[in-house]
Amino acid sequence: MRTTHEIGLTELPQRAEELLTGGHRLGLVAAHHDDNGIRVVYLFVSGPPDTRTELTVRLDPDRPEVPTLAHLSFPAGRFEREMRDLVGIVPLDHPLPRRLVRHFHWPRGWYPMSSDAGPPPTFGEQEGPYPFLEVEGDGVYEIPVGPVHAGLIEPGHFRFSVVGETILKLKARLWFVHKGIEKLFQGRTVAAGLPLAERISGDTAVGHALAYCLAVEEATGTEVPAGAQRARAMLLELERIHNHVADLGMLCNDVGHGILNAHAQRVREQLLRLNREITGHRLLRGGVVPGGTVLHALPDPARLKAIREDIREIIALALGHSTVRDRLTGTAILTTDAARAIGCLGYVARASGIADDARVMHPFAPYDTQLNVPVHDSGDVLARFLTRAEEIDTSLGLIEQFAGGLPTPSALSAAPPAPGAGSRTGVGLVEGWRGTIATRVELAADGTLARVKPVDPSFFNWPALPVALADTIVPDFPLTNKSFNLSYAGNDL
Amino acid sequence: MSTVGYAAVAGQIVVVGAGAPLLTGWMRQVRSRLEGRAGAGVLQPWRDIRKLLGKEAITPAGTGPAFRIAPALLVATTVVATALVPLLSTDTPVSGHADLIVVVALIALGTLALALAGLDTGTAFGGMSASREMTVAALVEPTILLAVFALSIPAGTTNLPAIVTGAVEEPARLASPAGLLATAALAVAVLAETGRIPVDNPSTHLELTMIHEAMVLEYAGGDLALVELGAQLRLTLLLGLLSSLFAPWGIATSASWTTLALALVLFAAKVALLGAVLAAAEVFWAKVRLFRVPELLAGSFLLALLAVTSSYFLSGGS
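Heads up: the protein sequence lines correspond to chains W and S, in order. The letter at position 65 of the first sequence is residue 65 when you use my numbering, and the numbering goes up by one with no holes. The letter at position 200 of the second sequence is residue 1200 when you use my numbering, and the numbering goes up by one with no holes.
Please keep in mind that the hints were generated in silico from the structure rather than gathered at the bench. In this text, a Cβ means the ideal position worked out from N, Cα and C, and glycines have one as well. Some hints could be false.
Label pairs and their calculated CB-CB ranges [unchecked claim]:
id, chain 1, residue 1, chain 2, residue 2, range
1, S, ARG1292, W, ALA150, 23 to 31 Å
2, S, LEU1109, W, VAL140, 29 to 37 Å
3, W, TYR367, S, ALA1281, 57 to 65 Å
4, W, HIS296, S, PHE1291, 45 to 53 Å
To spell it out: a stretch of chain W is covered by chain S in this simulated footprint if at least three of its residues, at any positions, have a beta carbon under 8 Å from a beta carbon of chain S; those stretches are [to be verified]:
id, region
5, 138-147
6, 251-259
7, 320-327
Can you build the whole structure from these sequences, using the hints too?
And the structure:
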């Protein structure tokens, strides 16, 4: 399933091009500090059949440089900029060599994720304004929004260049909440890494915990019981529906149709209470553990059926309302070509006609071969709304399918792995509710975590937001932003 | 005689002033209950005003007189308009000055003051929403004027108390095509002028979608209390005007204490009912796309124009 090739630096662009043209996509790029210098792992994935190919290069300890892959893959260019800012690896001939993560008050030359970074030094004065591309012309003005927003929204700065009400260009500035999660993982035991994984993005507790556990289990050679995998698949869908329901309600609220939001939040509350009965936590924390699952209860099919009817009614009311439908239709179109070029994942990609889904491409549990993955191709807010609305139906079907036949609620766990078994490295690929989450884990000789690199789908999807917003009007931005609903925490790490 | 007249004017100002926050609270409460929420209670806007009065008003650096006087000007123009409009009585010492054009101009002056204050802050939000507000106002003011003109043709004057007295004496005027068209046109204009759904969403926190709210983002403390009170006063005044023009029954046409007391009760009931209907309607509506707002307002302008035309041909021309 997973093959690793250690190659020379000069071979990298050619090998990467072969993989990318052969149907792979770049899953993640992670820099590692080995005793003899920096090693960079490029993970390429494709499916079905589930294929994971890793290219590993070793860098010159004195001059950490890599040839850029930005001309082959847009996400690669962003991973390289991230590595440059966090580790200090220079991508040679990068077409857009600007800083990505580093804020202007971070000390220059300090790389927080490198092995010798030490404790954070005192942050200095700002080096100067963050240069935004200025759009010039008659009547063009800028609207700066954030990083602190009205309402409970994570921090991000948006700079709109606008003429009249039409957005000419939007620049999003993120990484205000960079917490150094990758560094926090290092040295922890596998069990102590789990709470951290669950908190990478609070609304994706199951998705990130599961990707982490799958990676750890591959690294330790743990055989997880089939029942536990089914329970995990069920938890993953429970997480999907409670997020989807809340967002569909908020989309209605953003067009001023508050009553559907009130009802969507009522349904969400029922789901959260159900989650609490199942795992003991409203956001499903603690359900997925390394080696298995811990369930306190199973969802009651009758309650799920009632919830399904409720959700269907809310969606039918929203789509039947002419003003709501008018606001969603044709708003912020992300074309298929743009979504493919940017490397979008999850419902953002599926609403733009790209049928990728890790449940089909990288299944960890016995998903139906004809899993109904809803795809729309208009790429507007309505398409994202419909995709998510239909995913709820699929998810409820999957919950029923996976919950049936699960043993009486209890902890299902694998036998502890034999010491020294496994490859000490592992990759977890999971279709979280936002899209495919990739986590790569390397274990130290004593079994602690040497390196954990999680990648939230938001990292791939953020650049699509400004693209979709070109020529959209300013008052439709909040609606568009909600239809993408990208994670700041998951992106900033 | 004149004591009752002065009492009527004072009564109008006091009832509208004290009742405006209650009306807003009442409308929010109706909406909450219809959406299945508990709601904050009818008194919440008054509590908000009390809270804001206890806070410090902040004037952003670089702002000039336009920013400072706008809240007072907004409230003052609305209070003067409230005194003029025949809400409780048509026979007051100021009825002679209660000209339709004066009232519309006072309302427009308040709108303009806020828009200038929005521009004065120099922020992107202030400028953006001032431009939106002016776009809406430019379409709303003529509609209000035209709609009331349609009613002034049968009365032969633009004096509001005279129009209302005429309607009380001759209710058939209201049921005429002109009266119904003018009602519809004025209702849409009132929705736009007061920033309600489907034109603006008074309860949103999303700055980029706001029209009215984004102009006043920089206000704090007592100034914000005045701005909020001003907006509530305008809503009450315009709903009151709507009810006076199209359901004038109960308004005192002579100077007597009993009719004035009755007028007061009926006014409160009419405005509360109108507010409840509006709040209920808002539950079923959604906010239209900003570029659809002019279409909506142009439609209401057209209704007003039809009202004037039919009023002229059907009654004025005869």
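Practice prompt. Check each numbered hint from earlier against the structure, then list the numbers of those it violates in ascending order.
Written response: Hint 3 contradicted; others consistent.
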